[in-house]
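Chains as they are written, first to last, in this note's numbering: chain X, 582 to 824; chain E, 10 to 256.
Since the hints were made in silico from the structure, they are not lab data. Because the structure is a prediction, the values reported are computed rather than measured. Mixed in with the good hints there might be a few duds.
What the hints assert, rightly or not - These stretches of chain E come out as covered by chain X in the derived footprint (C-beta under 8 Å, 3 or more residues):
1) 96-102
2) 152-166
3) 216-229
Unchecked claim - As a list, the in silico DMTMM-like pairs of lysine to aspartate or glutamate whose alpha-carbon atoms are at most 25 Å apart:
4) E/K60 to E/D100
5) E/K197 to X/E627
6) E/K94 to X/E627
7) X/K680 to X/E649
8) X/K778 to E/D59
Stated by the list, open to error - If the Cβ cut is set under 10 Å, some of the chain X residues that face chain E in the computed set are:
9) K622
10) R624
11) S639
12) A643
13) S662
14) Q706
15) V710
Where is the CB? At the ideal position from N, CA and C, for every residue including glycine.
Below are the chains, spelled out letter by letter.
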Amino acid sequence: MRNIPDSVLRLSIVVVAIAVSFVTIRFFVLPASLTDMDAHKARATEHEAAREIRFAGSAICADCHVEEPGKIVQGYHSLLSCETCHGPAQAHVEDLDIKPTAPRRREFCPVCHTYDRSRPTGFPQINPVAHNPLEPCIQCHDPHDPKPPETPRECSACHAEIARTKAISHHVGLECTTCHVAPDEHRVTPRTNRATKPAGRQFCGTCHGEDSENKGALKVDLATHGGRYQCWQCHYPHLPEES
Amino acid sequence: MLRRKLLRKLVSLIPLAGTFQAISKLGTAQGIGPDSEHTLPTYGMGIQIDKCIGCARCLEACKTENNVPPEPIFVRTWVERYVIKTNNEVDVTLLGAEADAAGEVAPRNALRSFFVPKLCNQCANPPCVQVCPVEATFITDDGVVLVDGDRCLGCGYCIQACPYGARYMHPVTRTADKCTFCYHRIRKGLLPACVEVCPTQARVFGDLDSKASPLNRLKRMKKIHVLKPSLNTEPKVIYADLDGEVR
Numbered sequence: 582m583r584n585i586p587d588s589v590l591r592l593s594i595v596v597v598a599i600a601v602s603f604v605t606i607r608f609f610v611l612p613a614s615l616t617d618m619d620a621h622k623a624r625a626t627e628h629e630a631a632r633e634i635r636f637a638g639s640a641i642c643a644d645c646h647v648e649e650p651g652k653i654v655q656g657y658h659s660l661l662s663c664e665t666c667h668g669p670a671q672a673h674v675e676d677l678d679i680k681p682t683a684p685r686r687r688e689f690c691p692v693c694h695t696y697d698r699s700r701p702t703g704f705p706q707i708n709p710v711a712h713n714p715l716e717p718c719i720q721c722h723d724p725h726d727p728k729p730p731e732t733p734r735e736c737s738a739c740h741a742e743i744a745r746t747k748a749i750s751h752h753v754g755l756e757c758t759t760c761h762v763a764p765d766e767h768r769v770t771p772r773t774n775r776a777t778k779p780a781g782r783q784f785c786g787t788c789h790g791e792d793s794e795n796k797g798a799l800k801v802d803l804a805t806h807g808g809r810y811q812c813w814q815c816h817y818p819h820l821p822e823e824s
Numbered sequence: 010m011l012r013r014k015l016l017r018k019l020v021s022l023i024p025l026a027g028t029f030q031a032i033s034k035l036g037t038a039q040g041i042g043p044d045s046e047h048t049l050p051t052y053g054m055g056i057q058i059d060k061c062i063g064c065a066r067c068l069e070a071c072k073t074e075n076n077v078p079p080e081p082i083f084v085r086t087w088v089e090r091y092v093i094k095t096n097n098e099v100d101v102t103l104l105g106a107e108a109d110a111a112g113e114v115a116p117r118n119a120l121r122s123f124f125v126p127k128l129c130n131q132c133a134n135p136p137c138v139q140v141c142p143v144e145a146t147f148i149t150d151d152g153v154v155l156v157d158g159d160r161c162l163g164c165g166y167c168i169q170a171c172p173y174g175a176r177y178m179h180p181v182t183r184t185a186d187k188c189t190f191c192y193h194r195i196r197k198g199l200l201p202a203c204v205e206v207c208p209t210q211a212r213v214f215g216d217l218d219s220k221a222s223p224l225n226r227l228k229r230m231k232k233i234h235v236l237k238p239s240l241n242t243e244p245k246v247i248y249a250d251l252d253g254e255v256r
């Protein structure tokens, strides 16, 4: 001990103190979630998983409500969850005095059912300005089993865009039934009972073929015109072009 | 000569340091690491473009469920309206934003138009996780990319790095926020809020590994695509009937 200079001894005390405090802080003071990635992940994951839910999920609704869930699965709204229209209901599950919303106003249904060109064809859409103005939707349509209040007579009730397009075309004089045959069930269950479409180019040829007796229609030679294409691959039948 | 001796001694210490590190790793792995015998699901989402009606129920439900601020620029999930015009121009508007509400929607010279719901793709190879300087964002063992709000500095690197624009800076917490597949819901066996409220099943959710999963049928029956496949991010959000113009 005598041989070690005083200055070195003092310095080494400082070094040891720093080393001890580093080891203490790094391994004993800092929580594992700060030093170990796995522990940090586990902690943050559980923290995220423990957050409260707002939407209860429609499975739990059927525990108390019997009539509506039983009815909705039969109709066109079968894919809808209760909370799609009634809003988040976890608060209602925990405290029955808190009621979820029941949208009865005319503004709500057009969120999905207003006509919009970007919407997929076949999705039922209306023009809220023209469709029974000011009447609340639920006056005619039961939201848990939505269907038209009476069986539609005109094709345009559902196929409005086609009807409007045809109205400004050369085919304005043709009835829908000239080209399509719709079984009666199509009015009630349109997706399972489809209307027919013309099978081949000979059908258009009954008016547009050169040997047709229809004098008003433009004539083409079916044998040479269009090759192997069907007529509607080039000409849209609801809006055929000028020449 | 003395310097050479010292260097030689130091070099001989290098493998020793490696051994120390390996031993310390071994200790932690035994203590806290994930249970390898328990097989976890790999959560994924399927989006059917042909079924989306652009009703925006999903993004409203998401905002309610996850306390996302009401302004349309803060979103965990959003819906884009694509309009491909006759001159092949492509218009993309954000559903719910002013430009979309203003009326110039799907004009008459549109060739085709459709909605594209978007959200975090929960990449298996996520650029956002790579760039985080403090490891605040990470992939869980069931494949969801999460952000630890307590650790996030709010530097915004991840927001820049995400090629899908799926992250935003939360104006209240000043930390990065993003879709978690509603991690707090799916761990309870519930569906993510957007999937729960979707009226047309345009969004389906499930385990990508499971055979009894709606995603399995989707992958079998439809033509499937992911967004920006060239970036090799390996998204877990898959799209059916996706148009080639969608970026």
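Results for each hint:
no. : hint             : result
1   : 96-102           : violated (count 0)
2   : 152-166          : holds (count 4)
3   : 216-229          : violated (count 0)
4   : E/K60 to E/D100  : holds, 20 Å
5   : E/K197 to X/E627 : holds, 12 Å
6   : E/K94 to X/E627  : violated, 48 Å
7   : X/K680 to X/E649 : holds, 16 Å
8   : X/K778 to E/D59  : holds, 22 Å
9   : K622             : holds, 5 Å
10  : R624             : holds, 8 Å
11  : S639             : holds, 7 Å
12  : A643             : violated, 14 Å
13  : S662             : holds, 5 Å
14  : Q706             : holds, 9 Å
15  : V710             : violated, 14 Å
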